[in-house]
Amino acid sequence: MTTLVPVRSRIDWLGIVFAALLSLAIVGPLVVVGTWAFTEVWRYPNIIPQQFGFRFWGQTLGRADVWNALVLSLQLSTVVTLLSAVICLPAAYAFARMSFPGRNILFFSFLAGHAFPKFGLLVAIAAIFLQLNLIGTFWGVVLIQLVGTLMFMIWIPVAAFQAVDRRMEEAARDVGASPFRVFWSITLPQAGPTIAAAVLLSFVGTFYETEGAWLIGAPGIRTMPVLMISYINNQMVIQYGAVLSVLLWVPSFIALMFARRVIGGGAFARGFGG
Amino acid sequence: MSEVAKAAARPLMENAQSRRPLGLLLVAIPVFLMIWLVVWPAINAISRTIWRPDVDGNVGFDLSSYAFFFSDRYSLDNLAITLWTTLVCAILLLVICLPIALYLRFSRSRLSGYVQALAILPMFVPSIILAFAFIRVLGPNGMVDILFNAVGLPKIRTPYLTPWGPVIGLVWDNIPLTVLILLSGLGSVANQSIEAARDVGANALRVFRHIILPRISNSILVALSFSVLGIFSSFTLPYLLGPASPEMLGPFMQRTLREVQDPIGAMTQAVIAFGFCIVFGLFYVRSVARNQGK
Numbered sequence: 005m006t007t008l009v010p011v012r013s014r015i016d017w018l019g020i021v022f023a024a025l026l027s028l029a030i031v032g033p034l035v036v037v038g039t040w041a042f043t044e045v046w047r048y049p050n051i052i053p054q055q056f057g058f059r060f061w062g063q064t065l066g067r068a069d070v071w072n073a074l075v076l077s078l079q080l081s082t083v084v085t086l087l088s089a090v091i092c093l094p095a096a097y098a099f100a101r102m103s104f105p106g107r108n109i110l111f112f113s114f115l116a117g118h119a120f121p122k123f124g125l126l127v128a129i130a131a132i133f134l135q136l137n138l139i140g141t142f143w144g145v146v147l148i149q150l151v152g153t154l155m156f157m158i159w160i161p162v163a164a165f166q167a168v169d170r171r172m173e174e175a176a177r178d179v180g181a182s183p184f185r186v187f188w189s190i191t192l193p194q195a196g197p198t199i200a201a202a203v204l205l206s207f208v209g210t211f212y213e214t215e216g217a218w219l220i221g222a223p224g225i226r227t228m229p230v231l232m233i234s235y236i237n238n239q240m241v242i243q244y245g246a247v248l249s250v251l252l253w254v255p256s257f258i259a260l261m262f263a264r265r266v267i268g269g270g271a272f273a274r275g276f277g278g
Numbered sequence: 157m158s159e160v161a162k163a164a165a166r167p168l169m170e171n172a173q174s175r176r177p178l179g180l181l182l183v184a185i186p187v188f189l190m191i192w193l194v195v196w197p198a199i200n201a202i203s204r205t206i207w208r209p210d211v212d213g214n215v216g217f218d219l220s221s222y223a224f225f226f227s228d229r230y231s232l233d234n235l236a237i238t239l240w241t242t243l244v245c246a247i248l249l250l251v252i253c254l255p256i257a258l259y260l261r262f263s264r265s266r267l268s269g270y271v272q273a274l275a276i277l278p279m280f281v282p283s284i285i286l287a288f289a290f291i292r293v294l295g296p297n298g299m300v301d302i303l304f305n306a307v308g309l310p311k312i313r314t315p316y317l318t319p320w321g322p323v324i325g326l327v328w329d330n331i332p333l334t335v336l337i338l339l340s341g342l343g344s345v346a347n348q349s350i351e352a353a354r355d356v357g358a359n360a361l362r363v364f365r366h367i368i369l370p371r372i373s374n375s376i377l378v379a380l381s382f383s384v385l386g387i388f389s390s391f392t393l394p395y396l397l398g399p400a401s402p403e404m405l406g407p408f409m410q411r412t413l414r415e416v417q418d419p420i421g422a423m424t425q426a427v428i429a430f431g432f433c434i435v436f437g438l439f440y441v442r443s444v445a446r447n448q449g450k
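From first to last, the protein sequence lines are chains W and R.
The end of the first sequence is residue 278 by my numbering, with every number in the run present.
The end of the second sequence is residue 450 by my numbering, with every number in the run present.
Because the hints were derived from the structure by calculation, they are not lab data.
Predicted model, so just to flag it, every value in this text is computed and none were measured.
The beta carbon of each residue, even a glycine, is placed where N, CA and C say it ideally should be.
Errors might be hidden in some of the hints.
Unchecked claim - Far from chain W, by Cβ distances over 12 Å, these chain R residues were calculated:
#1 213
#2 217
#3 219
#4 229
#5 231
#6 232
#7 236
#8 243
#9 244
#10 250
#11 319
#12 401
#13 402
Stated by the list, open to error - Across the chosen pairs, the derived CB separations fall in these ranges:
#14 R:243 to W:56: 41 to 47 Å
#15 W:257 to R:251: 25 to 31 Å
#16 W:50 to R:310: 16 to 22 Å
#17 W:17 to R:304: 22 to 28 Å
#18 W:188 to R:269: 38 to 44 Å
#19 R:354 to W:112: 37 to 43 Å
#20 W:169 to R:356: 45 to 51 Å
#21 R:359 to W:17: 25 to 31 Å
Please put together the full structure from these sequences, using the hints given.
As C-alpha cells, then:
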C-alpha cells in the first residue's frame, strides 16, 4: 500500500515481490508440466530430467483413446457452438434492436443460471435426463453444454449490436438499402469482431467443459477433459498426462490471444458484476 | 428535409409494431431452453424431494430425504468440509487478490503489466490441467519435494488428497476473476480524493480504510459471491485433489447420482446446496443486472 502515491524514481519493490511470487505460483507449475511433456527419464530426486526427448509424444498420439477423445471433443464443441450461434445470435439481435413484450425480463432471465451453484444445477438437470434416457448420450452432453453457452452467446452479441452506429444504418436506409442489405453491409461488419470473439470463446469453453461431460456423458462419452481425468486417476505413465496437458492448452492459448479485446477495458469484469 | 425524415420515420415505427411477434419468435428457443434446463430442473428438484410417493403410491408432503441428510453423519461431514473449504477459499482469495488489485490500480511501474498478465493467466488454464500440474508440483515426490531435497530440507506433508488440496487449487483458479472484479471496482476510486486525503496527512492505512474500502465494498461482495457460488459446488478440483472421505458436496452429489444411483438423494443434496448459496446467488444476479442496466 506504499504505492498509493506513485513515486517513479524509487525501485518498485512491491511490484518485484508480486511478480516473483506470482511467477513462482502461477507460471511455475505450468513450466513443470511442460518439462514433463518433453522428458523421457526423470527419476527422483534429480532436479532436472536425466533424459529429454519426444518419445512420449509419439506414444501418446499413437493411442486410440486419445484420438477418439480428440475427435469427439472437436465434434461436440463444433455442434454446440453452431447450435448456440444459430439460436442465440438472432435472439441477441432481437434483444438489442426490437421491442416486444417482456423484453427486459426475458433478457435478464438468462442470469438465472448464474444464481445457482453450478454443479448443483447440473445434478438437477441430470436427474431429468435420467428420466429421458439422455444419460451417456452425445445429445445429452450437447444439451447440457449448450445451456452453459447461452448467457455468454446472448449478452456479448447484444452489447456488440448495441454498439453499432444507428445513424449509419439509417443513412443506408435513407438511400434505399433493404433491411437485409443494411444488416449485411453495415451492422454485421461492425458487430462482427466481437461476435466472433464470443463464438470462439464459447467453442473453447465447450472444449474444456468437464463437469457436464463427466456427469452426463460417463461412461459412453469420453471427451478430452474426461480422458484426462482418467489419466490423472489411474495412469502410471506421467508423460501421457503431461503431453495431453500441453496439447490441451493449445486451444486455450488461441483463445487467450483472441480474447484480449473482449477482456480489455474492464467490460469483461463488468459482465461478471464487478 | 423534415418531410424526408418523417417519411423515413414512419415505416420504421410501423415496422417496430409489426415486428413485435417476430422479436418474441427470435428469442423463443433460447428462452425455452433456459426454462427447460435451468428453471424447470431447479423446481423439479425441489418438488420431487418434497412431495414423494409413500408405500401405497400416494404422493404427499414428505421431508424424509432432508431428515436423512441432516441426521446422517457422513452427509453432515461432507457439508462441513464444503462450508470450511468455501470459507477458507473466500478469505484467502481476498487476502491474496486485494493487495494485487490495489497494486495494479495505483502502480505506474512497468512491472504492473506483467503482474496483471500473470494474475489473469489462470483463467486460460483449464482446471483439469491445473489438477495435473498441482500433483506434479505438490504431490508426493513432486517438484517441491525435489527442490527441498536438493537443499537438504525434509519432504513436505503433501496437501494432495487432503482438504487443503482443493483449497489451493480453487484459490488458484479463482484469482483472475476476483482480481478483475476488484480492479473494476477500484476504477471508481478517484485519484483526487486519495491525494486530498494524503494532503491533510492521512497515512496509507487510513486512506485505504476511509476512502478506498467504502467505494469498493460492493465489488468485494460481488467477487466473494461469485467465488462462493463457484467453490461451494465445485467438482473437478475436489474430485481430483481432495480426500475421498469426507468429500465436498460436488463429488458427493456426483457419486450419489451416478454410483449409488439415488436421484432423490442427489437432488436433496443439490437443493441443500441451492439453499446455502441463495443469498450469494441473488446478490450476484442483482449486481450484474444493475450493472447492465446502467
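Now for the hints, and whether the structure bears them out:
Against the 12 Å criterion, residue 213 of chain R stays outside the reach of chain W, whose nearest CB is about 17 Å from its own CB. Residue 217 of chain R, annotated as away from the interface, keeps every beta carbon of chain W farther than 12 Å; the closest lies near 20 Å. No beta-carbon of chain W is positioned within 12 Å of the beta-carbon of residue 219 of chain R; the least distance is around 18 Å. No beta-carbon of chain W comes within 12 Å of the beta-carbon of residue 229 of chain R; the shortest separation is about 22 Å.
Every Cβ of chain W is farther than 12 Å from the Cβ of residue 231 of chain R; the closest lies at roughly 15 Å, confirming the non-interface assignment. Against chain W, the non-interface label of residue 232 of chain R holds: every CB pair exceeds 12 Å, the least being about 17 Å. No beta-carbon of chain W comes within 12 Å of the beta-carbon of residue 236 of chain R; the shortest separation is about 17 Å. For residue 243 of chain R, the requirement that its beta carbon stay farther than 12 Å from each beta carbon of chain W is met, with the minimum near 15 Å.
Interface exclusion of residue 244 of chain R from chain W stands, the closest Cβ pair being 17 Å apart, more than 12 Å. With 12 Å as the threshold on Cβ separation, the claim that residue 250 of chain R sits away from chain W holds: the shortest Cβ distance comes to roughly 14 Å. Residue 319 of chain R, annotated as away from the interface, keeps every beta carbon of chain W farther than 12 Å; the closest lies near 18 Å. A cut-off of 12 Å between C-beta atoms confirms that residue 401 of chain R is not in contact with chain W; the least separation is 16 Å.
A cut-off of 12 Å between C-beta atoms confirms that residue 402 of chain R is not in contact with chain W; the least separation is 17 Å. Between residue 243 of chain R and residue 56 of chain W the Cβ separation comes to about 44 Å, which falls inside the hinted range of 41 to 47 Å. Evaluation of the 25 to 31 Å hint for residue 257 of chain W and residue 251 of chain R yields a pass: the beta carbon distance comes to about 30 Å. For the pair residue 50 of chain W and residue 310 of chain R, the beta carbons lie near 18 Å from each other, so the given range of 16 to 22 Å is met.
Taken as a hint, the range 22 to 28 Å holds for the pair residue 17 of chain W and residue 304 of chain R, whose Cβ atoms sit roughly 27 Å apart. As the Cβ distance of residue 188 of chain W to residue 269 of chain R is approximately 39 Å, the hint placing it in 38 to 44 Å holds. Between residue 354 of chain R and residue 112 of chain W, the C-beta spacing of about 41 Å keeps the proposed range 37 to 43 Å intact. At about 46 Å, the beta-carbon gap between residue 169 of chain W and residue 356 of chain R stays in the expected band of 45 to 51 Å.
Between residue 359 of chain R and residue 17 of chain W the CB atoms are about 18 Å apart, so this pair departs from the stated range of 25 to 31 Å.
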